[in-house]
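Those protein sequence lines, which keep their order, are chains A and B. The first sequence lines up with residues 527 to 844 when you count with our numbering. The second sequence lines up with residues 527 to 844 when you count with our numbering.
Simulated from the structure, these hints should not be mistaken for laboratory data. Yeah, the Cβ is synthetic: ideal placement off N, Cα and C, and Gly gets one too. A hint or two may mislead.
Stated by the list, open to error - Covered stretches of chain B (in silico footprint by chain A; criterion: 3 or more residues with CB under 8 Å from a CB of chain A, positions within the stretch not fixed): (1) 574-582; (2) 618-625; (3) 833-844.
Stated by the list, open to error - Cross-link-like lysine-lysine pairs, in silico, DSBU-like; alpha carbons within 35 Å at most: (4) A/K729 / A/K756; (5) A/K729 / A/K538; (6) A/K831 / A/K756; (7) B/K807 / B/K727; (8) A/K766 / B/K561; (9) A/K561 / B/K747; (10) B/K766 / B/K800; (11) B/K766 / B/K729; (12) B/K747 / B/K691; (13) B/K831 / B/K561; (14) B/K727 / A/K538; (15) A/K766 / B/K747; (16) A/K807 / A/K538; (17) B/K691 / B/K727; (18) A/K747 / B/K561; (19) B/K691 / B/K561; (20) A/K729 / A/K800; (21) B/K727 / B/K756; (22) A/K561 / A/K831; (23) B/K766 / A/K747; (24) B/K727 / A/K831; (25) B/K729 / B/K691; (26) A/K831 / A/K727; (27) B/K800 / B/K727; (28) B/K756 / B/K729; (29) A/K766 / B/K766; (30) B/K561 / A/K561; (31) A/K538 / B/K756; (32) B/K756 / B/K538; (33) A/K766 / A/K807.
There are 2 protein chains.
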Amino acid sequence: MPTLLLNRLAVKNLIRMSEVITAVEEAFRMCGQGKSNMPSKTYLSLERGDFRAMPAALPGCAGVKWVNVHPGNPSLGLPSIMAVLIYNDPDTGYPLAVMDATEITAYRTGAAAAVASKYLARRNSRTIGIIGAGFQAYTQILAHAELFSGISVNAYDISQTAVDKLVRSLPQFSIRNCPIEEAAASDIVCTLTPSRSPIVKRKWIMPGTHINAVGADAPGKQELEPSILKQAIVVVDDLKQASGSGEINVPIRQGVYTTGEIYGTIAEVVVGRKKGRTDDKVITVFDSTGIAIEDIAVAKLLFEKAQRTGSYPSIDLV
Amino acid sequence: MPTLLLNRLAVKNLIRMSEVITAVEEAFRMCGQGKSNMPSKTYLSLERGDFRAMPAALPGCAGVKWVNVHPGNPSLGLPSIMAVLIYNDPDTGYPLAVMDATEITAYRTGAAAAVASKYLARRNSRTIGIIGAGFQAYTQILAHAELFSGISVNAYDISQTAVDKLVRSLPQFSIRNCPIEEAAASDIVCTLTPSRSPIVKRKWIMPGTHINAVGADAPGKQELEPSILKQAIVVVDDLKQASGSGEINVPIRQGVYTTGEIYGTIAEVVVGRKKGRTDDKVITVFDSTGIAIEDIAVAKLLFEKAQRTGSYPSIDLV
Numbered sequence: 527m528p529t530l531l532l533n534r535l536a537v538k539n540l541i542r543m544s545e546v547i548t549a550v551e552e553a554f555r556m557c558g559q560g561k562s563n564m565p566s567k568t569y570l571s572l573e574r575g576d577f578r579a580m581p582a583a584l585p586g587c588a589g590v591k592w593v594n595v596h597p598g599n600p601s602l603g604l605p606s607i608m609a610v611l612i613y614n615d616p617d618t619g620y621p622l623a624v625m626d627a628t629e630i631t632a633y634r635t636g637a638a639a640a641v642a643s644k645y646l647a648r649r650n651s652r653t654i655g656i657i658g659a660g661f662q663a664y665t666q667i668l669a670h671a672e673l674f675s676g677i678s679v680n681a682y683d684i685s686q687t688a689v690d691k692l693v694r695s696l697p698q699f700s701i702r703n704c705p706i707e708e709a710a711a712s713d714i715v716c717t718l719t720p721s722r723s724p725i726v727k728r729k730w731i732m733p734g735t736h737i738n739a740v741g742a743d744a745p746g747k748q749e750l751e752p753s754i755l756k757q758a759i760v761v762v763d764d765l766k767q768a769s770g771s772g773e774i775n776v777p778i779r780q781g782v783y784t785t786g787e788i789y790g791t792i793a794e795v796v797v798g799r800k801k802g803r804t805d806d807k808v809i810t811v812f813d814s815t816g817i818a819i820e821d822i823a824v825a826k827l828l829f830e831k832a833q834r835t836g837s838y839p840s841i842d843l844v
Numbered sequence: 527m528p529t530l531l532l533n534r535l536a537v538k539n540l541i542r543m544s545e546v547i548t549a550v551e552e553a554f555r556m557c558g559q560g561k562s563n564m565p566s567k568t569y570l571s572l573e574r575g576d577f578r579a580m581p582a583a584l585p586g587c588a589g590v591k592w593v594n595v596h597p598g599n600p601s602l603g604l605p606s607i608m609a610v611l612i613y614n615d616p617d618t619g620y621p622l623a624v625m626d627a628t629e630i631t632a633y634r635t636g637a638a639a640a641v642a643s644k645y646l647a648r649r650n651s652r653t654i655g656i657i658g659a660g661f662q663a664y665t666q667i668l669a670h671a672e673l674f675s676g677i678s679v680n681a682y683d684i685s686q687t688a689v690d691k692l693v694r695s696l697p698q699f700s701i702r703n704c705p706i707e708e709a710a711a712s713d714i715v716c717t718l719t720p721s722r723s724p725i726v727k728r729k730w731i732m733p734g735t736h737i738n739a740v741g742a743d744a745p746g747k748q749e750l751e752p753s754i755l756k757q758a759i760v761v762v763d764d765l766k767q768a769s770g771s772g773e774i775n776v777p778i779r780q781g782v783y784t785t786g787e788i789y790g791t792i793a794e795v796v797v798g799r800k801k802g803r804t805d806d807k808v809i810t811v812f813d814s815t816g817i818a819i820e821d822i823a824v825a826k827l828l829f830e831k832a833q834r835t836g837s838y839p840s841i842d843l844v
């Protein structure tokens, strides 16, 4: 039995944001129904970067994503983050596919935020604030555009070049370069920076805003003033990961926020065990750290598409 | 930059037991010198089997082995254990190779036991007792033959067919089919069964014997009567793994053995911080659970060999 090989180009050809959103929402639903299996991420920390092993299983699929974060890579002409995913038959363990997961990571992160916005943002949301116009900004915009029609984007970055590049790369969207306080005053705000101090002020956030806090993914990282969390309904993707390395990790460590204040998980919201947005005034926050079931769900989608087309290479790997 | 693909056939072509032994011994030495990095294995447990993510780094290399154990596979014509290894540049995270690790697992397990025998068995050991003549038996014999000249093998299995197959498959070695008590009365004894009760009796073990206890690799598994451990010098590959899932796990749980009785790790012995065998009478036990630095060390060896030959395929994976 051969193992399918999907490199980054193949993944780019196969991947569609609308399908990724459906797959990620379904993964959250299965998680909420107790049908997922996801041990904690394991970190391998080295001198110049780290690696994370992210295993997970959902009905009909299993696998592991192995992803690095090497901040010095861009100076060497390499991406900071590269990921490979081994996709297995859960019933036999057979490695059905080895695929690039760099694109998967970007797409599923955008999709997870858009799914959170679907349940937590106001239905009539029209403006998206992008804070941090790097790699993640593209998929946040693509994903939200699938679920919110006629959106316009307020984009801020400390680098003017990054915003210019974003505007040029997505000519089909209305993207306006603006100061951070204007981006933060949007209906839906996506924070996508590697910040280690709260760059988004409470006073900029309007009543009824939904915030996707995506940037914080390691201990010490933080983008929002803790007073935002204190007044918001906070939904996390994973309680343990969010508490340890998500947006809430620093406030928890500082004792200004407790895990008891977390409203619930996105899985609980999607499955209906916890209500989503109930009024137009409350501020909601989705603390997204990125979880392995998102990756595995998208891997399943791509594997099955690739199998149907029959035009991708495979090898007798094991 | 391309990613090298080494399938099982390529690994079979490239792998040499003598080189694997050198690589594994060097990995233990680097571990003893504090130069290795190895987080705990992560388990993903499913209905019909489980997967283990085994990340590790040594100087100049990093990676993860993703290996399944599905006991029902043979009835489907598939191996119970299949493994894939992603091999990375530790300085950039780039995935340099994706390789089959099924052969690597078998070879490094044999090599680790042989390295333990080098330091712990009597130098004049001439007989190897094989208890359990399955897949692992082959590499135990190959590895010990590299370090002990003129050995003869006493092989036992509950299945006569398994022993017959072993004898036929390794015609270059003197292998005698015998009862378990005779296999256990060898100079070096390798226990390689999935037993969940002590099948090797204390009374069968001669003074001066070295035992490689390899079979126990999960909670509840056990091959040796605990009285053997109580009277032996016990060396483990990894304190945490051995205590939780190695030969000593059941006696520890039963309260008849404590981690305080462990003599040390094989890394401490190889690096000289703990002495190996000091007299001809003591019984020594190596509790081998299989550790990720063994796999990564062998992956580095194979990657570098494959690169030198230049005749293996590669793809632009990420």
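Requested in this report: Sort out which numbered hints this structure fails and list those numbers smallest first.
Outcome: Result: hints 5, 6, 14, 16, 19, 24, 26, 30, 31, 32 break, sorted rising.
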